[in-house]
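Chemist: Chains as they are written, first to last, in the UniProt record's numbering: chain G, 1 to 139; chain W, 1 to 139; chain R, 1 to 139.
Simulated from the structure, these hints should not be mistaken for laboratory data. None of the values given here were measured: they were computed from a predicted structure. Each residue gets a CB set at the ideal place from its N, CA and C atoms; glycine is no exception. Careful, some of the hints might be misleading.
To give an idea of the chain R side of the interface with chain W (calculated C-beta under 10 Å), a few residues [what the hints assert, rightly or not]: (1) 81; (2) 82; (3) 134.
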Amino acid sequence: MRQAATTLVIETSGAGLVEVTVPIRRWVAGQGLETGLLTVFCRHTSASLTIQENADPDVQADLLRFFRRLVPETQSLYDHTAEGPDDMPAHIRSALTGVSLSIPVMDGAPALGTWQGVYLFEHRARPHRREIVLHLFGE
Amino acid sequence: MRQAATTLVIETSGAGLVEVTVPIRRWVAGQGLETGLLTVFCRHTSASLTIQENADPDVQADLLRFFRRLVPETQSLYDHTAEGPDDMPAHIRSALTGVSLSIPVMDGAPALGTWQGVYLFEHRARPHRREIVLHLFGE
Amino acid sequence: MRQAATTLVIETSGAGLVEVTVPIRRWVAGQGLETGLLTVFCRHTSASLTIQENADPDVQADLLRFFRRLVPETQSLYDHTAEGPDDMPAHIRSALTGVSLSIPVMDGAPALGTWQGVYLFEHRARPHRREIVLHLFGE
Numbered sequence: 001m002r003q004a005a006t007t008l009v010i011e012t013s014g015a016g017l018v019e020v021t022v023p024i025r026r027w028v029a030g031q032g033l034e035t036g037l038l039t040v041f042c043r044h045t046s047a048s049l050t051i052q053e054n055a056d057p058d059v060q061a062d063l064l065r066f067f068r069r070l071v072p073e074t075q076s077l078y079d080h081t082a083e084g085p086d087d088m089p090a091h092i093r094s095a096l097t098g099v100s101l102s103i104p105v106m107d108g109a110p111a112l113g114t115w116q117g118v119y120l121f122e123h124r125a126r127p128h129r130r131e132i133v134l135h136l137f138g139e
Numbered sequence: 001m002r003q004a005a006t007t008l009v010i011e012t013s014g015a016g017l018v019e020v021t022v023p024i025r026r027w028v029a030g031q032g033l034e035t036g037l038l039t040v041f042c043r044h045t046s047a048s049l050t051i052q053e054n055a056d057p058d059v060q061a062d063l064l065r066f067f068r069r070l071v072p073e074t075q076s077l078y079d080h081t082a083e084g085p086d087d088m089p090a091h092i093r094s095a096l097t098g099v100s101l102s103i104p105v106m107d108g109a110p111a112l113g114t115w116q117g118v119y120l121f122e123h124r125a126r127p128h129r130r131e132i133v134l135h136l137f138g139e
Numbered sequence: 001m002r003q004a005a006t007t008l009v010i011e012t013s014g015a016g017l018v019e020v021t022v023p024i025r026r027w028v029a030g031q032g033l034e035t036g037l038l039t040v041f042c043r044h045t046s047a048s049l050t051i052q053e054n055a056d057p058d059v060q061a062d063l064l065r066f067f068r069r070l071v072p073e074t075q076s077l078y079d080h081t082a083e084g085p086d087d088m089p090a091h092i093r094s095a096l097t098g099v100s101l102s103i104p105v106m107d108g109a110p111a112l113g114t115w116q117g118v119y120l121f122e123h124r125a126r127p128h129r130r131e132i133v134l135h136l137f138g139e
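In isolation and in its complexed conformation, chain G is listed as follows:
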């Protein structure tokens, strides 16, 4: 049994989903493990991680729109407004989607389903530099 860890840096271009499946798969493949466990962790409180359909880009747009409706940027709803009208909604959207994913590794690759892609979900309006930690162990 052995382990490895690394940090990916993702530049986002404002609110929306950024697929990170390819760099994750590439790093896992490079570790040469057959079976194990992959953890993906987002080091932020206004961006999160989600696994979503990777076929139709409309899914990502619909998801973004849903979270905008569900957690509106109406300032009167929040006390925490000093960092901008999109900040507190971003924290709430992160809490709803989560910042860690655990994905088993089988046959040398993450055991994602056919239609599953891993996405960084940027909740802030402006571009940000985001760090995702990957941890892998197995044999």
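Fit chains W and R to the given chain G structure using the hints.
Modeler: Relative to the frame of chain G, chains W and R by itself:
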């Protein structure tokens, strides 16, 4: 330290929660590990995993009803409609509940609380065949 | 590679977030591992775990208020009412935020971002005694 992995196939009968605690407990018990970590991963984007009260079946019905209200099947809200009126709401409900669970193993069993059961949450209207990957390691 | 597990007991004072970052960091530091994986698991169905901003306490108040609006305690919405008007909403809020977190450990500490704190999210109105299981492995 050693590890094991397997895939459970669950047949759902349309939208609702299917308890999977018993087959998970049985598989973990069969591995003969005292302490470790269990990962449960759902390989789909329109079904998810949740840990919920396992005593009163009303809890499951109330949960299903809540998610139907929160994420309505109103077609005009979504662009991704080609796969049916229940498909995009299913993706959103999956994003809100998540597809991976990490459960410590102590004394040879998942360290679930007294009232906690593990459920596959089917979000599509029709029956589906769902795959859940289990990964366990420890000693 | 080695592992350790323990249970933290947290006394809550009714609905709200209780930061548990310090006891978690202390326990991890005491294990003397350099790199590994930390799992945090909440053994309840009416309390959950979330990673949130640890700087401005308004964030916690806003988060609590959001979940109260999103999942109202209106009894007519639920069948499961025998355990009190706050019980079914507590189950739903737990499903939305989750009961497990996976956090990589690097340089001997959980790889949390600068502004990330780990919180137990109590969803019941009255004080409760909550158990959180920590599992760590690595080397």
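Chemist: A separate judgement is required for each hint: does it hold in the structure or not?
Modeler: Each hint, compared with the structure:
1. Below 10 Å, beta-carbon pairs count as interface contacts, and residue 81(R) has one with chain W at about 8 Å; its hint therefore holds.
2. Here the hint on residue 82(R) is kept, as its CB sits about 7 Å from the closest CB of chain W, short of 10 Å.
3. A cut of 10 Å between beta carbons decides the hint on residue 134(R): the least distance to chain W is about 8 Å, and the hint holds.
When held up to the earlier numbered hints, the structure conflicts with none and fits them all.
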